[in-house]
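Below are the chains, spelled out letter by letter.
Number of protein chains: 2
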Amino acid sequence: MLLEMICTGEEVLSGQIVDTNAAWFADTMLNLGIELQQRITVGDRMPDLMRVFLERSQHADVILVNGGLGPTSDDLSAEAMAHAAGVPLVENQQWRAHLLDWFTRRGRVMPASNFKQCFLPATAILVDNPVGSAPGFRIKLNRAWLFFTPGVPVEFKHMVTEQFVPFVQDAFKNGQATRLHKFLTFGHGESALADQISQLSAPAGITVGYRPSAPHVEIKVFARGATAIASMENFLDLLRITLGTALVSERYASVAEEVHQLLLTSGHTLAMAESCTGGMLASQLIEYSGSSAYLHQSLVTYANAAKTAVLGVSPAILENHGAVSIETVIAMAKGVRELLDSDYALATSGIAGPDGGSVDKPVGTVAIALCDREQCWVQVVSLGQRSRTMIRVMSCAVALDMLRRKLLLSSPLVSYPFIPAVATYMEQTH
Amino acid sequence: MLLEMICTGEEVLSGQIVDTNAAWFADTMLNLGIELQQRITVGDRMPDLMRVFLERSQHADVILVNGGLGPTSDDLSAEAMAHAAGVPLVENQQWRAHLLDWFTRRGRVMPASNFKQCFLPATAILVDNPVGSAPGFRIKLNRAWLFFTPGVPVEFKHMVTEQFVPFVQDAFKNGQATRLHKFLTFGHGESALADQISQLSAPAGITVGYRPSAPHVEIKVFARGATAIASMENFLDLLRITLGTALVSERYASVAEEVHQLLLTSGHTLAMAESCTGGMLASQLIEYSGSSAYLHQSLVTYANAAKTAVLGVSPAILENHGAVSIETVIAMAKGVRELLDSDYALATSGIAGPDGGSVDKPVGTVAIALCDREQCWVQVVSLGQRSRTMIRVMSCAVALDMLRRKLLLSSPLVSYPFIPAVATYMEQTH
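Respectively, the protein sequence lines represent chains A and B.
To convert, count from 1 in the first sequence and add 14; that's my numbering.
To convert, count from 1 in the second sequence and add 14; that's my numbering.
Only chain A is shown next, with the shape it has when bound in the complex (with noise of 0.2 Å):
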């Protein structure tokens, strides 16, 4: 059984985006277990589209087409496999009554525009979009099934999910059994995470692959058939003991919604005082619904005034030490820690770039520090040669990680071999 995609639109083509649906589904996919052989991106552009409808149908069992079932006059996806097919477009009055009831029930008329969205190909067959206005459908042609998705992410996940994941396994019963873990980790480097796990030898079927996705590295290990399955948690133990402190979750996608989890558990509070990381700490922890359980505040105090009129940080602190030091971000985590009397304090502030730097404290340099009612914990690390985002991004993760080792009762302090530390700092406050 051969898996191929179709990407289509002048926008993805043209790399005016980036075209993240297309590595979700193939990411997707080998979570399945089922590799992809071959994807074609094109743009909106008639004779293209049915050339590569056309060609690729003769090669392929099952091709996932993206794109162009939009409302607009570039939209042109039904119309060329129409043509490939010889087949005309004819409205689809399921998918017409369907789509004039969604609007009437919210008391609005159905742009014309729309009703091009209920044009399918003769021999096509429907596919429900419960989130969006435009259908998906399927079609038979020489060899290939072609199944239609639109290219609005959240639709094309919903459609990729409810309805092309169980026709595709369908298609691919015969395949083998598979089984996939995920271990996410942070501070150290790609190439030697991979120079470590290669000198461990991985049972027969299994492999170990590297997704590279900043602040974080995730490992997955992807078994296949039952002999490699059934060897599969002893190498896991193996794993978990090689990566040491380098694992920072088995449950989640970032070490941010790890600590939310456990802050939710543990029943903690949390107050941060944010300076170079400008909001993003916060906004990472507020992503994941429940927050408000245990986030007081989050005060990003930017200007020196700030810090001194909203945390308390006495200016001579400022003045003698300068805004990134450890004399600073441990006043910074103090004060905001005190406003509302919480369980937990985290302060950040350093250089993001590109401007700002000087010899003693170069772009990239950034204090972070944890308190607790009793202790706080300090780590200056040095993040140049990084962009703007990344230094923000990075620092993020080091200030969230010192909280996640705390709550699992861990020194907050440990090593990043990617991200070296200028100085470390702890104190007993009480």
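Worth flagging that the hints you see were computed from the coordinates, not collected in a lab.
All values reported here derive from a predicted model rather than from experimental measurement.
Hints are all accurate, no fakes.
The list makes no distinction among identical chains, and a pair is therefore deemed to hold if it is satisfied within one copy or across any two copies.
Below, simulated DSS-like cross-link-like pairs (lysine-lysine); rule was C-alpha separation at most 27 Å, straight line:
| hint | residue 1 | residue 2 |
| --- | --- | --- |
| 1 | K154 | K171 |
| 2 | K130 | K234 |
| 3 | K196 | K130 |
| 4 | K234 | K196 |
| 5 | K375 | K348 |
| 6 | K348 | K420 |
Put chain B on the given structure of chain A with help from the hints.
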């Protein structure tokens, strides 16, 4: 002249990494007025690589091939190309000498795996890579020039900019002149915009494309040929009138960047109090270097107690009107503005969901205030039926658009057809 791209590598095909090289390349070409016809992504499998090189060499004039030039056993591009062209691989003495010299100058011994990188198809022409160990090369097969580049992004971009662009500009020198102009819109649906614009008749040779990229819809106007370019300005003026208040930028890719620039230019200062947007507003502005010039602080007062302790919102207001109310966001904005006497303040408070909604204030209800020294403007919008992330993203865009309009001396309150306002309110405070 037909330009295509072939991307190689399991990690790209399988979605282990998003193919940012491909997006960057197509965008770079489009900015030169050269349209990519098609992109094929294949894994590191010898028969697939050979088939694709042979097949596409019969259709395209220039093919940019990316990846597969590294030192490891799954880097097969040069070998596959040699097979496809029916020529042997031969060691390129120039590159061998270059690599040996590179390692010698660094006092290192060249690893055996790097010698493999010196072997190129016999008829290939070496393309220099001053930033890495993989040489590029180009080779003629059938009607096409195939141009091979390394997958490492920094090496790839360097080679494209320094070597491929001059090569392809020469190859395409008889092509048509093109011009691209982009409008960034907010608050209007893609279909509604397309319906309006389709009623204008675009001059011959001018096409209009739409790219939804939440919270914005970008409109791209593309002119091909001298006649179309000559009639472009008039058509752009017509579009500006048609777009009206939907148009938020012609310079930048987000309303945040537009506001950042307006604040930098005007010298005004800003303070923010964020509840449901939770640091996202601050983070979007701090993304741009120089934001410290105007941003005093952004206080993410997530808990009600924080709104009182940090911003001085009276408990009576919170009790009588609720956290999501006109009264509360005005008190938040006034409170945060007065801390450092900022010129402007923004405040948000809403129900981001999926929990926390009520009959009176369903999920998606968000109150947004803008205050200056004399006045406050508030709108309460209804963003229901969107995800938690999207409710926060749209709230940020409404807040920033209010400030953008104020900085341009327009009324901050405007109606967004895509975002129904439940209430709007204005008060004179001094």
